[in-house]
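Given these sequences and hints, build the entire structure.
There are 2 protein chains.
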Amino acid sequence: MMAASSRSGAADGEHGAAGQAESKKAEAGRRRPRRRDVPGKLIVVEGIDGSGKSTQLLLLEKWLRYNMFEVFRTEWNSSDIVRSITSKGKKKEALTPTTFSLLHATDFADRFERHILPLLHAGYFVLADRYVYTAYARDVTRGCDPAWVRKVYDFAIKPDIAFYFRVPLDTAMDRILSGRPKLKFYEAGADLNLSKDLYESFRIFQHRIVEQYEAMHKRESFVVMDATMPIHEQQMIMRAKVRKLLPKKLKKKTVLEVPEHV
Amino acid sequence: MMAASSRSGAADGEHGAAGQAESKKAEAGRRRPRRRDVPGKLIVVEGIDGSGKSTQLLLLEKWLRYNMFEVFRTEWNSSDIVRSITSKGKKKEALTPTTFSLLHATDFADRFERHILPLLHAGYFVLADRYVYTAYARDVTRGCDPAWVRKVYDFAIKPDIAFYFRVPLDTAMDRILSGRPKLKFYEAGADLNLSKDLYESFRIFQHRIVEQYEAMHKRESFVVMDATMPIHEQQMIMRAKVRKLLPKKLKKKTVLEVPEHV
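For the protein sequence lines, the chains are L and B, in the order given. Those letters in the first sequence? Residues 1 to 262, by this note's numbering. Those letters in the second sequence? Residues 1 to 262, by this note's numbering.
There could be a bad hint or two in this list.
What the hints assert, rightly or not - Computed Cβ-Cβ distance ranges for the label pairs, DEER-style:
1. 34/B with 195/L: 31 to 39 Å
2. 244/B with 221/L: 18 to 26 Å
3. 184/B with 237/L: 50 to 58 Å
4. 224/L with 218/B: 42 to 50 Å
5. 211/L with 158/B: 29 to 37 Å
6. 122/L with 244/B: 55 to 63 Å
7. 175/L with 36/B: 44 to 52 Å
8. 185/L with 35/B: 31 to 39 Å
These aren't lab readings, by the way, just hints derived from the structure by calculation. All values derive from a computational prediction rather than experimental measurement. Quick reminder that beta carbons are idealized off the backbone N, C-alpha and C, glycines included.
Written out as structure tokens, the structure reads:
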């Protein structure tokens, strides 16, 4: 709480004049907000299922809370307003690539405008478990035009850091499928007719998603994480990166390790 | 039926070689279909409520059916898959301009890919009561970026003819509000805070929509209709325009007037 308020104060100081000039330009020319218009910080994790990104994000949240920052964590496809219809459409297996893409974009826009952006304005750390890059990767794999998908999502603010968890496909598959869960139709990419076997379809689909991530990681300035490293080591790298976003005074106060008992 | 099948045959002959070349290019470079890729014809009516466009489209449908063409008429916001959530979101009055826009785009995409495009491929006359231009006008009025909205909808095929029904605002308002219906929140543009009075808000909103139509009619090559003309006269203009789309042999067979008793 204390840290949170002094942080946003300090952030104001840091970006103050530039931030105001940006805001004015934003009002005149374009309505889309930019990172510098908001005092909060947006941290994103991306990677295929089984890359360990959600575990890492939870540890990051724990650490930020321990250091008294205000944190909001948000997941892909979790908007109330659209969830019902997305699953309804998915059940019917009646979605085309374009409707699939637009449904998820609507869901994301709802979440972005009602939660993510207001909380960034309020100075929060917003932690996003998947962000627009998940849409880029999936929708393009499904056959949507890459430039179109990027344009659809260009209402979204660029994150301060996007961590990409790079993991060998076999490692990720082992982690997910060790329990042999029942795969869902779209989750397995079964709409793409990749294989009659759902698990094989899932594997091919995940492989193509990885290709998309690898193709975009430079352009999108991902911080590439070696997701085969021990959990704690990965977390320390992330914390150090995130700490760099803080103004000097707060950076010193923010400890990297959280005591075991917390 | 007879006319319908011979028409699509004739259309094949007319566009044959060029159409195939286009298709090939479409596969290689872009996935979006073009008008020439499909044997069917897409006719659109646009204009504010009370402009008489729906009446005219029904008369056009009657005429085409009388001349034995296969016809499919489709309305804005009528997709099963998305209707429930759109009205749910509308009830909550929780939609931002972006989510409002994307919800309608999803609805439209669903309808376009499941009905409009397949029927155009099957050689139908598809009659659309409002098309992407309604989205352009409304979403931009609500504050969305014009280039963004156009990009979102660029999966949609260009219509063969888009009729725009130009009508003085007072005439349209009189036609709609003569029964003083209960206006809905979004219908009246009440989310834009134009006026505390719903009817006044509706009026200002419609005025802005008209401005958008007027701003786009040249670029989009609308056929501008004087919607104050007698119904029958307007209809004759429309039929003559649509008849021009037919191959020569069919053009001759297609009578403009439908006998009274039909």
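(request) Check the following: the C-beta atoms of residue 175/L and residue 36/B are separated by a distance inside 44 to 52 Å. (result) holds (49 Å)
(request) Given the range 31 to 39 Å, decide if the beta-carbon distance of residue 34/B to residue 195/L lies inside it. (result) Hint holds: Cβ distance 32 Å, inside 31 to 39 Å.
(request) Look at the Cβ atoms of residue 184/B and residue 237/L and judge whether their distance stays inside 50 to 58 Å. (result) holds (52 Å)
(message) Given the hint of 42 to 50 Å, is the C-beta distance from residue 224/L to residue 218/B inside that range or not?
(response) holds (49 Å)
(request) Please test the hint of 55 to 63 Å on the beta carbon pair from residue 122/L and residue 244/B. (result) Because 59 Å falls inside the window, the suggested range holds.
(request) Just tell me: holds or violated, for the beta carbon distance of residue 211/L and residue 158/B against 29 to 37 Å? (result) Given range 29 to 37 Å: holds, Cβ gap about 33 Å.
(request) Check the following: the C-beta atoms of residue 244/B and residue 221/L are separated by a distance inside 18 to 26 Å. (result) Roughly 53 Å apart at Cβ, these two residues miss the hinted range, so it is violated.
(request) Return holds or violated for the Cβ distance of residue 185/L and residue 35/B against the range 31 to 39 Å. (result) Since residue 185/L and residue 35/B have Cβ atoms about 33 Å apart, the given range 31 to 39 Å holds.
Checked against the numbered hints above, the structure violates only hint 2.
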